[in-house]
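Chemist: Letter by letter, the chains look like this.
Protein chains: 4
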Amino acid sequence: MPGNTFGQLFRITTAGESHGPGNVVIVDGVPPGIPISVDDLQVDLDRRKPGQSKIVTQRKESDRPEILSGVFEGKTTGTSIAILVRNEDQRSRDYSEIKDLYRPGHADYSFDAKYGFRDYRGGGRSSARETTARVAAGVIAKKLIHEEFGGEVIAYVSQVGDIQADVENPADVSLDRVEKSADGSANIVRCPDPAAAERMIALIDECRKAGDSIGGAATIVAKGVPAGLGEPVFDKIKADFAKALFSLPAVLGVEYGIGFGCVNMRGSQHNDLFTTSDDDGSNKIVTKSNRHGGMLGGITTGMPIVLRTAVKPTSSLPIEQETVTRDGSPATIQTKGRHDPCLLPRFIPMAEAMIAIVLADHWLRWKAQKRGTSVD
Amino acid sequence: MPGNTFGQLFRITTAGESHGPGNVVIVDGVPPGIPISVDDLQVDLDRRKPGQSKIVTQRKESDRPEILSGVFEGKTTGTSIAILVRNEDQRSRDYSEIKDLYRPGHADYSFDAKYGFRDYRGGGRSSARETTARVAAGVIAKKLIHEEFGGEVIAYVSQVGDIQADVENPADVSLDRVEKSADGSANIVRCPDPAAAERMIALIDECRKAGDSIGGAATIVAKGVPAGLGEPVFDKIKADFAKALFSLPAVLGVEYGIGFGCVNMRGSQHNDLFTTSDDDGSNKIVTKSNRHGGMLGGITTGMPIVLRTAVKPTSSLPIEQETVTRDGSPATIQTKGRHDPCLLPRFIPMAEAMIAIVLADHWLRWKAQKRGTSVD
Amino acid sequence: MPGNTFGQLFRITTAGESHGPGNVVIVDGVPPGIPISVDDLQVDLDRRKPGQSKIVTQRKESDRPEILSGVFEGKTTGTSIAILVRNEDQRSRDYSEIKDLYRPGHADYSFDAKYGFRDYRGGGRSSARETTARVAAGVIAKKLIHEEFGGEVIAYVSQVGDIQADVENPADVSLDRVEKSADGSANIVRCPDPAAAERMIALIDECRKAGDSIGGAATIVAKGVPAGLGEPVFDKIKADFAKALFSLPAVLGVEYGIGFGCVNMRGSQHNDLFTTSDDDGSNKIVTKSNRHGGMLGGITTGMPIVLRTAVKPTSSLPIEQETVTRDGSPATIQTKGRHDPCLLPRFIPMAEAMIAIVLADHWLRWKAQKRGTSVD
Amino acid sequence: MPGNTFGQLFRITTAGESHGPGNVVIVDGVPPGIPISVDDLQVDLDRRKPGQSKIVTQRKESDRPEILSGVFEGKTTGTSIAILVRNEDQRSRDYSEIKDLYRPGHADYSFDAKYGFRDYRGGGRSSARETTARVAAGVIAKKLIHEEFGGEVIAYVSQVGDIQADVENPADVSLDRVEKSADGSANIVRCPDPAAAERMIALIDECRKAGDSIGGAATIVAKGVPAGLGEPVFDKIKADFAKALFSLPAVLGVEYGIGFGCVNMRGSQHNDLFTTSDDDGSNKIVTKSNRHGGMLGGITTGMPIVLRTAVKPTSSLPIEQETVTRDGSPATIQTKGRHDPCLLPRFIPMAEAMIAIVLADHWLRWKAQKRGTSVD
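Protein chains in written order, with the working numbering: chain A, 68 to 443; chain B, 68 to 443; chain C, 68 to 443; chain D, 68 to 443.
This is chain A alone, in the form it adopts within the complex (with noise of 0.2 Å):
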């Protein structure tokens, strides 16, 4: 089965290269009668955008998205939704004289291991531009988990460099403090606590003058996720998380809850203590900490889901590095393009659809196996 599709019930394919005429993502098994518009999904994908701030790529693309079908009188119908993003700032300069160099850091030498032959125009296929399509179809996930059980998710930046957020409750952080300063203006690293973002972004400039680049990592929380989500043995839903967040460009690691934190700690110290809550009315059973991220045996609890992962430095560097050419021969290298100096910024609204699509995906498994459905 070809790599260019994920999901098993909320499923979706996409095309596209940072080069060609655009990118394309056809989401399918939606079910029908969900609200969706251009102008929704312009919102994440503005997020997502180059030029968006000082602290990222200069490059210009407005990514505007088109709706080419599933969507009438501005609900779904059921069938493929396909969204098309064309690509604008495909600058003509000249790409020959890195058409045989392998750039460190990026997947030219395992793209011509692969094919042996490759779009060498700015990463082709392998170009981080791909995640406009997962960004426009993770919109209509959020939808869906929205519409039909009241789930959020909300990613932000936690640590850039050695600089970490100070958050006590990742569950309590909000959409606003994520996107919004206290002043009301754009909070454009991302990150919900004030101090820390403002030394992320010092930091981050500082990178970038340097000519370098600086990694960082991410929290993603789920919350309203009812439990019961997951399968057993192989689609654990941590498993799955797992997959959707490493398939993001640049993600070196990911764990949940107390994460690698377990290693060093006994299991009286570890499980979470199971009791009741009352806060919603509902005497509903919960558990007393949170160490298991929302997860047990790889099906939800109803707990907030909490999940973090490890983002590289952007390996394109204006700085000059060791190489090959594609024959083996010593080169070096210096790539001129206008790169991000750190990824996370930009990493957040990727992060949240992939969640989010895992989350539609289980929420439409859950469904079809769920004893006693009536037929109408």
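Identical copies look the same in the list; a pair holds intra-copy or inter-copy alike.
DSS-like, lysine-lysine: derived pairs with alpha carbons at most 25 Å apart:
#1 K290 x K437
#2 K210 x K434
#3 K142 x K210
#4 K142 x K434
#5 K166 x K127
#6 K437 x K210
#7 K166 x K142
#8 K403 x K276
#9 K166 x K437
If you are wondering where the hints come from, they were derived from the structure by calculation, not from laboratory data. No experiment lies behind these values; they were computed from the predicted model shown.
On the provided structure of chain A, position chains B, C and D as indicated by the hints.
Modeler: Leaving out everything else, chains B, C and D in the frame of chain A:
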């Protein structure tokens, strides 16, 4: 699509519970002509099995596999291979006392939320007993990758509690060092650093005596993997490795190469530079360092693949823990079963199996899309 | 994706050969709480089994199923169900004489072309013995569609040679008429027209005595199926029914409704006009006629689904036939096994099983995409 | 799994409606290096397109494809290929009059039953306009099978009403005979028997004038297909061909080889005997006759593949027909659109596309499982 199948072209489907008749795996997509025997399967089943040493659970299972199909005259036929491992030690003790209790850290509550119904005897489908099926299938995957491209997968325990193994180069660890101590006796903790191994055993033993358990980490290395495996977008091989590992019980985190260490690195420090190596006389393209863990753009580079995973401390504890019943009434629970004080030693063959299965799968996918295969 | 799995959400995966230890099926995706027992499975396995009457093969197999997983206290748990049917009558006769011969009408040559290697004992994986697994899974599918929407699938023999059953309305045929004669004895040919049944039995017997075999046709009806099952484009339910039937051995043709009879009809004669029916007090929309066989645009209309399939005469013949050896040398072959002179009587439960599986699958798919399912 | 994807390794996913912006297909799994151009796509799109002759619908669509991705410097890159065909002739007439009426023979009622909601303009997703996407993808499949194994697929009209084409050997029909008349003009009915073609055209014309339509049959032949394609059990290649053809609009029956003719044959008459042929100097194994239509046990034998399919008369009729409204009230309907009086001439490229896609898919599957492919 239900969740009991893993892989696209090398595909395994499993069934079975801890206290039912047994566990079954159907392995589909295996090319014809690969030698396989019950003895081959037994090797890794023995590495996974309970009762193998003093630091693992003392349950008794002989875990003898029966090959039901797909092998003729000692070789795979190309058709589906079914393997059955019967359960033996299903103690007829009374489970009714835990029938309505939710064990902390276990899938009891989430299963009830999902199915409204569960096989409460020892965890049913959520028991790690299902991994017998994976380990059996993993042996076939290991055979396939060895026969077709000389690949090898070796996992080892790299950390237990705060004791870390001192391993200079993960790619240099041999199966022999993982399985045997210097004196030829079994290396029961499966850590290739003898000094650390000794301390790990002592720590695990201490936890066991205290009625507690301890977490740890495993490192998995794949060697001899050709450059070019993996798909550019969703089925990046790193994403499939992550899904494979997170689908195992108790895994809370996965990273590869430098992993979470990338968060506070700069791009200039992080990028692995390309060069050539004449070590095997081929003057092939390699990288000077391996912070990328053998994968760029989600596709293998030919460098060793290095993954690391966090495994939580066993949830079942002989000490008393607070919990609730199905109807939310407060209760206490004390698990009387014979559980592992540390999951890591038996986790090693499971992790190897899953990584080998992903490699086998992507290898077959690579063959499918390879240009120029002739009919003969 | 390997070819031993069928269905998307109600999904079966099978393994097994004619002369190996047995046949296994893993049924995945079944909702929890559906009652199922070994006795339920046995009913249809007995309808399929050899030796059941004088007009079928006289091989002896008791075909006792063992449920290995997924059923607890008599009900499905929602996890994967494995069923094993062991082979018994694997006569230890010498197959070496046919090892290098290609039996006319069989898969010997095509298997060799595909795998370069085959289990030559009685056909191996190409033997119709694999349909035990399908029939067992079909029982679960029948239970599911009956429990969830009151659906029923009944197949019968509608033609043997040139003898056609006279059946006014296929939707009126009951299981009882298919299985029992007027005098209460077994209706061994499974044709609900008693006069035709008698003549069919005589014809089959005549062929058997002549060392020959005869073809025939089966009609399959599904009743109680709600309108709305099926997908608009590739997974039209008619396409999945056709795939299901063509996946059975010996099927050379499938049609539904008026079928090939449409070729020389005009649209004005062919269209079924919509009207309403108050037969069940619901004043529901129906069609006046059912040339469309219960499906329009690939989606069910609520009218009875009617399919017809052509089954070729058994290829194995006790008379001598010309053929070649693996190296192309001319040879003759005479199959000494105990074969069915007509495949149709035992084909009936296989066809029912496959149609029930498709209905169960599309029902679960319909549930997944249905708008407005609530969490509780 | 949603229903807008077809194929496993050569995989197409489509979206689009009759009256939306256009139709899109994403073709995934294509090996790199296959030459493909817009002109290549146009050839078959023109064979499918409306307005091409006097015996098809007179709607006007230029059906110009745009390749959005996956092709670089005239060759496939190995990544997903997206193709967009915009709709042009979406007459702005008022559909509100048919909004609540169920057209006989159409999917209006079944769509409403499924989705509770539909795009009523010209059928929406149920319109045969979606087949533009299939035909475009089919061109890539044809290229692939030709480049990789010299395969070719040719379909032709073999019957319209009671007029049958007289074709001695389907495998001898060339594309030229299907597309061109003896005088070099277009063979507008795509029947290779000139005398029958003339009578078919007259019959279609007569139906058109009468405000009626007529059914027919198509024969599809695949040549140059190596022995060994197909899977032994569920994914028998005959089953995938059948699913492919039944997924096309208006198909009511499919058969291969002798097809329904087998029903009253004896085994001794039916079996094709094996022999050898030295026609191409290879002394390869063939059968003396081809009643098996090139497939045994669901796997190709190397003999020509021959399929036949029944296509119903167009349901849309300019004459008045009885029906009901959504609420069940009696009504009449008269379709004023410009419809095909016979679907067959435009059906030919659709059928070819689907058969080529199945062959491409099984070819890639064969490559994946083939033993002994080396890395280089």
